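Q: So you can see what is in the structure, the chains are spelled out below.
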Amino acid sequence: MEILLFGIINSVTLSLTALGFTLVYGISRLPNFAHGALYVTGGYIVWLCVNSLGMNYFAGIAVGIAATAIIGALVYRLVIRRIRGMQISEIIATYAIGLAIIEGLRWGGLRGSTFTLPSFFAGTMKIGGIAVDHQRLFVLGFGVVVFAALGLFVKCTKTGLALKAIAQDERAAMMLGIDSDRKALVSFALGSGLSAFAAVLILPLGSIVVETGYNVLIYSIAVSIIGGLGSWGGAIVASFIIGFAQLLTEVFLSTQYQMVISLLAIIATLLLKPSGIFGKQKELDDRV
Amino acid sequence: MSGPRDRKERIDRGIKVRSDGLYAVSSIREMLYLSGPRILLIAGLLLLPLLLDPFPYWRRVINILCVYALLAIAFDFLANCVGLVCLGGSMFIGLGGYFAAVFNVHLHLPVYLSIPAAALAGAAVSTLLILPCLSLRGVYFAIVTLMYPLLFTRVIEAFDLLGGSNGITGLDSIPGPDIENYSILLVLLAVLFGLRRVLNEDIGLVMHAVKDNDQSVRASGIDVVRIKALAVFMASFIGSLGGAYLAHVYMWAGLSLFALDFSIIPIAAVTIGGGGVLFGAVAGCLILVPLSEFLRFFGTFRIVLYCTVLTAFIVFKSEGLMPYCTRKYQQFERWADA
Amino acid sequence: MSILTVEGLEKTFGGLKALTGVTFSVKKGEILGVIGPNGSGKTTLINCITGFVRPDGGKVLFKGGDITRWGAHRIARVGIARTFQVMRPFYSLPAYKNLIIPLWSPRARREGGWRGGGRHGDRDTVAIDILEEIGFERDSRVPYKLASTLPTGYLKRLELARCLALRPEVIFCDEVFSGLSASEVASMLPLIEKLKMGGITLVLIEHRLRELFKVADRVMALQFGEKIAEGHYRNVIEDARVKEAYLGIEEI
Chain A
0 MEILLFGIIN SVTLSLTALG FTLVYGISRL PNFAHGALYV TGGYIVWLCV NSLGMNYFAG
60 IAVGIAATAI IGALVYRLVI RRIRGMQISE IIATYAIGLA IIEGLRWGGL RGSTFTLPSF
120 FAGTMKIGGI AVDHQRLFVL GFGVVVFAAL GLFVKCTKTG LALKAIAQDE RAAMMLGIDS
180 DRKALVSFAL GSGLSAFAAV LILPLGSIVV ETGYNVLIYS IAVSIIGGLG SWGGAIVASF
240 IIGFAQLLTE VFLSTQYQMV ISLLAIIATL LLKPSGIFGK QKELDDRV
Chain B
0 MSGPRDRKER IDRGIKVRSD GLYAVSSIRE MLYLSGPRIL LIAGLLLLPL LLDPFPYWRR
60 VINILCVYAL LAIAFDFLAN CVGLVCLGGS MFIGLGGYFA AVFNVHLHLP VYLSIPAAAL
120 AGAAVSTLLI LPCLSLRGVY FAIVTLMYPL LFTRVIEAFD LLGGSNGITG LDSIPGPDIE
180 NYSILLVLLA VLFGLRRVLN EDIGLVMHAV KDNDQSVRAS GIDVVRIKAL AVFMASFIGS
240 LGGAYLAHVY MWAGLSLFAL DFSIIPIAAV TIGGGGVLFG AVAGCLILVP LSEFLRFFGT
300 FRIVLYCTVL TAFIVFKSEG LMPYCTRKYQ QFERWADA
Chain C
0 MSILTVEGLE KTFGGLKALT GVTFSVKKGE ILGVIGPNGS GKTTLINCIT GFVRPDGGKV
60 LFKGGDITRW GAHRIARVGI ARTFQVMRPF YSLPAYKNLI IPLWSPRARR EGGWRGGGRH
120 GDRDTVAIDI LEEIGFERDS RVPYKLASTL PTGYLKRLEL ARCLALRPEV IFCDEVFSGL
180 SASEVASMLP LIEKLKMGGI TLVLIEHRLR ELFKVADRVM ALQFGEKIAE GHYRNVIEDA
240 RVKEAYLGIE EI
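As you go down the protein sequences, you meet chains A, B and C in turn.
Quick note on numbering: numbering that gives the first Met the number 0 labels position 70 of the first sequence as 69, and the sequence is numbered without any gaps.
Quick note on numbering: numbering that gives the first Met the number 0 labels position 153 of the second sequence as 152, and the sequence is numbered without any gaps.
Quick note on numbering: numbering that gives the first Met the number 0 labels position 157 of the third sequence as 156, and the sequence is numbered without any gaps.
To be clear, the hints were calculated from the coordinates, so they are not data collected in a lab.
Only a predicted model underlies this, so the values are computations on that prediction, with no experimental measurement involved.
Misleading hints may appear alongside valid ones.
Listed below are the simulated DSSO-like cross-link pairs for lysine-lysine, each with C-alpha atoms no more than 30 Å apart in a straight line [claimed, not checked]:
{"hint": "1", "chain 1": "C", "residue 1": "Lys144", "chain 2": "C", "residue 2": "Lys195"}
{"hint": "2", "chain 1": "C", "residue 1": "Lys26", "chain 2": "C", "residue 2": "Lys58"}
{"hint": "3", "chain 1": "B", "residue 1": "Lys210", "chain 2": "A", "residue 2": "Lys272"}
{"hint": "4", "chain 1": "C", "residue 1": "Lys144", "chain 2": "B", "residue 2": "Lys7"}
{"hint": "5", "chain 1": "C", "residue 1": "Lys16", "chain 2": "C", "residue 2": "Lys193"}
{"hint": "6", "chain 1": "B", "residue 1": "Lys327", "chain 2": "C", "residue 2": "Lys27"}
{"hint": "7", "chain 1": "A", "residue 1": "Lys272", "chain 2": "C", "residue 2": "Lys27"}
{"hint": "8", "chain 1": "A", "residue 1": "Lys272", "chain 2": "C", "residue 2": "Lys16"}
{"hint": "9", "chain 1": "B", "residue 1": "Lys316", "chain 2": "C", "residue 2": "Lys144"}
{"hint": "10", "chain 1": "C", "residue 1": "Lys144", "chain 2": "B", "residue 2": "Lys15"}
{"hint": "11", "chain 1": "B", "residue 1": "Lys210", "chain 2": "C", "residue 2": "Lys144"}
Here chain A stands alone, though its shape is the one from the complex:
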């Protein structure tokens, strides 16, 4: 029972961290390797607002998310727009930018584990006899709400439908008058903002460390590959698989094996079903 509860919490947390990456790839087929960097940046900006500028926590959060979204939009406008279509260049460029940000933060002072964000809710609760802290439950609840909201957004609003149309067939969408470039900008900014949002929710559980940037990137990629690049349902399922696997290894083996599990899962997926669980894309792109 305890395993089930924490497993679910872990999985939802994981899918939240992967959210920004999945969104951007799902909509614009853009592999955003700067995702991890944006995640950490979001958290750091909030910390700066709260600790150095003395802002109110919620104001700080708002600024953090907005700032990260703007950074994402800038990255898109200045860099990615000029190299769209050349996937290899996109990967290298976003990776380089992500690295620059992460190492820049490290050089700029983000070292050690003294950077923490306060939790929203202190204290713990008992569910079925197990102690769970409020923050984690909050993450769980909020996560579910966010996914539901996103799902509705995509299905019901005009922008959402437009984004979905672009994801399915970019050219047809363009012919219908949907500005795919503008929407890609929006999705990129949205994805960045969501990364920051996830960071704000989850970082209070630990501290802001630069390595998180790399870890988040690895987890996001793992979730995307196992679930199928571009499939949101797959990402969620994959998060649950990895989430539970991680928890089980933590309980029965040791914490150090967690990353290893994710990476082994990636290799296993590549060997068995490379397009992922719900992957709609064929193995070698058949352009015949």
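Take the given structure of chain A and dock chains B and C to it, following the hints.
A: This is chains B and C only, laid out in the frame that chain A set:
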């Protein structure tokens, strides 16, 4: 009659035209024109240790420069000749280094055996690990090569394998700074010119075809996966060779062999120096590695710098230094009537 | 004598049934035409048979052996070649060098009777010979021109040359007449005949019915992934279902 001069035309220099055909061998001047740059490169590299003799620190930099150059050549080869973008060159260095350590310290192989053996072992393991993603689209190759170095680091740390965070110490050193310098320099030159020769053969053409048009290659009865695997084996052999050499130079194999620098600098070097001809990779390293030494003072800022420059080059679609220089050498420009 | 037999071939893409239960066989040395409106599954059929797409069901037998799940290069190696509807030459190479890639393959080396890797001179001569066979003028500059500078008619022939380099037993031609003018097609027909006389079995997927019927021995019609008619072309075009499928196309 001069209308608006708004078109630049490029014309091959006279000497290039004369040296293009059979008649090249009939004149000393033309032969020098053709072989000049190459001789300059070879002589320059070979003289470097002598020139830097009074500065032992910089003589050691030559070693690391050659290792980076090997990695850059491997990256250039994979990315521009076969179409596989390797984001984790440090994987080869790490594998080569650790294998050398195991062969030398635990299996007591002498230096001149442990290095080639480690290169082979590193290449074999790399190829096996990368094999599953070779039949998939290019994105997967990039992702997988990105992850492996990170995986290795964490596995070694987590399981405290192979010396854990401390690494394996006690490797034999390479006898003497002269041999240190010249062995790797000669290897670099051999790899550079050897690989260029291979690329001019049929197999090179087939690899290029795989990059441009793999469907037609498959329809021609060639197993694309096997070709890619061969390319990966060659590149990882070169990389692991560098790693094994480095482990012996440091007399230590540790987690730092999987450092980010080994993955990023080759990419930056090729982007700046120009891809596809392999010389650009070396040129890029000749610029970046000394720069990196100067920047060591600034800590991880140097990575920020590389990444920014790299991104700038990608975004502005710069062709790189080597193609630019080659063009200047072979052609001259003038404004012409449109 | 049937060289290629297809039984109950099925392929579904997402929700779309591209092929349902297609069954036919090809006799050795004949020219089989495959016709059908757009979207009838013709290209999917080639892709499934030649290994570029894995069929969901059914069997493909070549000279009695089951090649259903084989990969593309393996099928090419066993003697079944194909052209691409959207042409894919190696644009940055001269025409004759385009053939180096297929000539390098194990089959070409085995069947062609020359040893690869050794002497470029030999191999280049073989390439020019093949180009001559398909109509490139030998002593002109044409074989040496970059593929990107060649007009469509030549590129179509280059595709065929690529197939020929493999010394195949069967060639699947995917709309090889498309994009050509009437006179260009007229000059391709003798080439097709010549290939047939050389013992090669041809399967021609075509939209240009008039020209196809001049060379095809038998014709098969597809619609919505199903075979709807088969036989001599006169019988096929009289078939009610074929007429209905082609409604709107002028009478031949």
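Q: Go through the numbered hints given earlier and state which of them the structure violates, listing their numbers in rising order.
A: Hints 5, 6, 7 not satisfied by this model.
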